[in-house]
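Participant: Next come the chains, spelled out residue by residue.
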Amino acid sequence: MNDSHLVKVSGVDKVFKRGSEEVHVLGGLDLEIPNGDFLALMGPSGSGKSTLLNLIGGLDRPSEGKVEVGGKRIDKLSDRKLAGWRARHVGLVFQFYNLMPVLNAQKNVELPLLLTKLSKAERKKRAALALDIVGLSHRTGHYPRQLSGGEQQRTGIARAIVTDPTLLLCDEPTGDLDRKSGDEILDLLQALNKEQGKTIIMVTHDIHAAARAKRTLHLNKGQLSTEAVD
Amino acid sequence: MKYLYLIFSSLKRKKLRTGLTILSIMVAFILFGYLTAIRQAFDAGIEVAGADRLIVRHKVSLVQLLPQSYEDKIERIDGVDNATHSTWFGGIYQESKNFFAQMPIVPEELFDMYPEFVISDEHKAAWLETRSGVLVGRGLMDRFDWKVGDRIPINATIWGKKDGGRTWEFDLVAVYDGAEKGTDTSQFFIRYDFFDETRANGQGLVGWYTVRIADPERAAEVAAAIDAEFANSAQETKAEPEGAFIQGFANQIGNIGFIIMSIMSAVFFTILLVAGNTMAYTVRERTNELAVLKAIGFTDRGVLGLVLGESLAITFVGGVLGLGHAWLLVSMGDPTDGSFPVFYLPTFDLFLGLILIVAMAFIAGIVPALQAQKLQIADALRR
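The listed protein sequences correspond, in order, to chains Y and F. Residues 1 to 230 in my numbering are what the first sequence lists, from first letter to last. Residues 231 to 613 in my numbering are what the second sequence lists, from first letter to last.
FYI, nobody ran anything at the bench for these hints, they're computed from the structure. Quick reminder that beta carbons are idealized off the backbone N, C-alpha and C, glycines included. All the pointers check out, no bait thrown in.
With beta-carbon atoms standing in for the labels, derived distance ranges:
#, chain 1, residue 1, chain 2, residue 2, range
1, F, 492, Y, 72, 52 to 62 Å
2, F, 488, Y, 76, 51 to 61 Å
3, Y, 17, F, 485, 53 to 63 Å
4, Y, 117, F, 492, 48 to 58 Å
5, F, 239, Y, 125, 13 to 23 Å
6, F, 239, Y, 80, 24 to 34 Å
7, Y, 101, F, 410, 48 to 58 Å
8, F, 593, Y, 129, 37 to 47 Å
9, Y, 72, F, 588, 32 to 42 Å
10, F, 450, Y, 80, 51 to 61 Å
Listed next, the stretches of chain Y that the computed footprint assigns to chain F, with coverage defined by at least 3 CB atoms under 8 Å from CB atoms of chain F:
#, segment
11, 51 to 61
12, 80 to 87
13, 90 to 98
14, 106 to 114
Please build the complete structure, drawing on both the sequences and the hints.
Facilitator: Dropping the structure here:
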């Protein structure tokens with residue numbers, strides 16, 4: 001593997017069982033993602049985009065094949081080690097933000113830091129910095145229900161970057177937002193990629209969103225291509 | 231500690247449901263505390279009963295009397311240190327609801343046999359000088375607002391007087407306190423010599439004997455020797471440890487301990503279902519959030535711990551509030567207005583309550599916690 005490749009997916013199959021039926025979502029998939037890349041993954045519903053994202057993020061395991069991130073075989077890690085690895089190396093951004101409704105923005109962003117040995121003061125400082133980066137330093141005490149969709153997604157991004165992860169995985173980050181808010185989120189992701197060197201993999205249905213990425217791959221019937229397949 | 235705010239924040243999610251669950255748990259623990267104090271009242275004497283004391287009564291029943299002459303014979307049996315007798319007086323003070331135990335006894339022997347009764351030398355001397363004098367427990371004195379020097383009239387239901395009267399008048403000359411919290415201070419001791427001379431019949435007969443033995447480990451052997459001594463006589467005996475005798479006496483009313491335990495078991499079982507239901511709903515409603523926690527790096531065990539922590543937080547708040555209220559209620563006084571010999575919530579049972587809180591939290595939370603632990607992130611995020 002080339003040292004500049006942060007992610008290397010080799011011969012990955014993913015089979016889901018639904019009762020007695022086996023559904024092959026990914027079949028022998030290979031993918032290399034260099035450090036600092038901003039990759040958009042597109043494809044029709046059920047094509048396996050989110051499944052691939054979950055495999056790269058260590059949220060799921062392949063049925064066959066290897067998933068290496070930063071030179072480490074994450075598919076071989078125990079559940080406990082994989083959880084620790086996710087906490088250190090992966091930031092996740094979800095379509096529906098998935099913030100804790102009972103916590104304010106500050107506390108939501110602090111959540112991943114609870115898994116570190118940082119002091120309370122340091123956690124607070126880092127969460128404030130992350131919220132500042134996403135432009136929400138004036139909304140730290142607000143609860144998710146008091147924030148707009150765009151602000152909630154910014155909070156989600158702050159939570160994803162607060163541990164300074166290597167890899168940002170975004171599953172339809174603009175899917176629940178209007179065009180203006182979506183553009184602001186994409187601006188933010190682009191800035192994180194360009195200015196902070198974050199490697200970003202973004203699953204999207206939106207051509208405009210994909211256009212903001214450095215490159216786009218299309219997934220269809222479990223196979224990747226650079227071209228969209230009708 | 232850093233996860234505490236996460237646990238307590240989760241409880242604020244459905245404030246009404248959490249509040250009602252806490253309230254149910256609180257009520258259960260109030261019942262636990264209060265019923266424990268009542269059970270303690272019925273068991274009074276059992277816990278402080280001397281392991282070195284036996285009670286010897288008539289084999290047929292406690293109502294049948296024994297000859298006073300048995301005392302010397304009992305004291306001659308190998309292993310016996312000392313013996314003294316008591317008799318049930320069974321009188322009424324003013325109204326039948328004012329129940330308390332009155333017993334004719336031999337004063338010097340009482341002091342020797344019951345070191346847990348704390349009496350001043352001055353009161354001891356006063357009682358020994360006054361034949362119609364009585365020694366009363368502090369609790370009883372407080373109950374009727376008596377003071378030393380009062381004359382107490384008691385209407386006899388069993389023992390009429392030689393002069394045909396049924397009202398006995400006693401002089402309150404001495405008071406005893408309990409050396410331990412559980413010591414019964416609701417008793418009324420009459421001098422046996424005065425009682426025996428004054429009663430219309432039954433001279434020379436006593437209710438039962440209290441026997442102190444030299445070696446508590448030989449209790450069964452000495453009890454058997456006492457019963458053997460009087461076997462085939464007109465008044466055969468039954469000797470047993472003091473604790474068993476008091477328990478048997480209390481059981482005449484009913485197995486209070488069993489009744490209270492049954493009520494508490496039913497209450498706790500119901501509350502366990504309520505708390506378990508709350509936790510199950512809490513986890514089911516938050517499948518997605520728990521999956522997110524796992525996705526950002528919380529381990530399976532970490533999530534299990536969070537759910538168990540929430541269960542513990544709910545039961546702890548409800549349980550401690552309940553125990554606290556029970557303690558306050560018990561401190562306010564005996565619900566029978568003084569008929570119980572003791573009425574308090576023992577420290578041991580408070581600790582038992584805390585253990586129950588933890589056990590309830592675990593049982594109510596373990597199934598939802600295991601479900602949360604097993605949650606597959608990718609599956610849960612798709613829901």
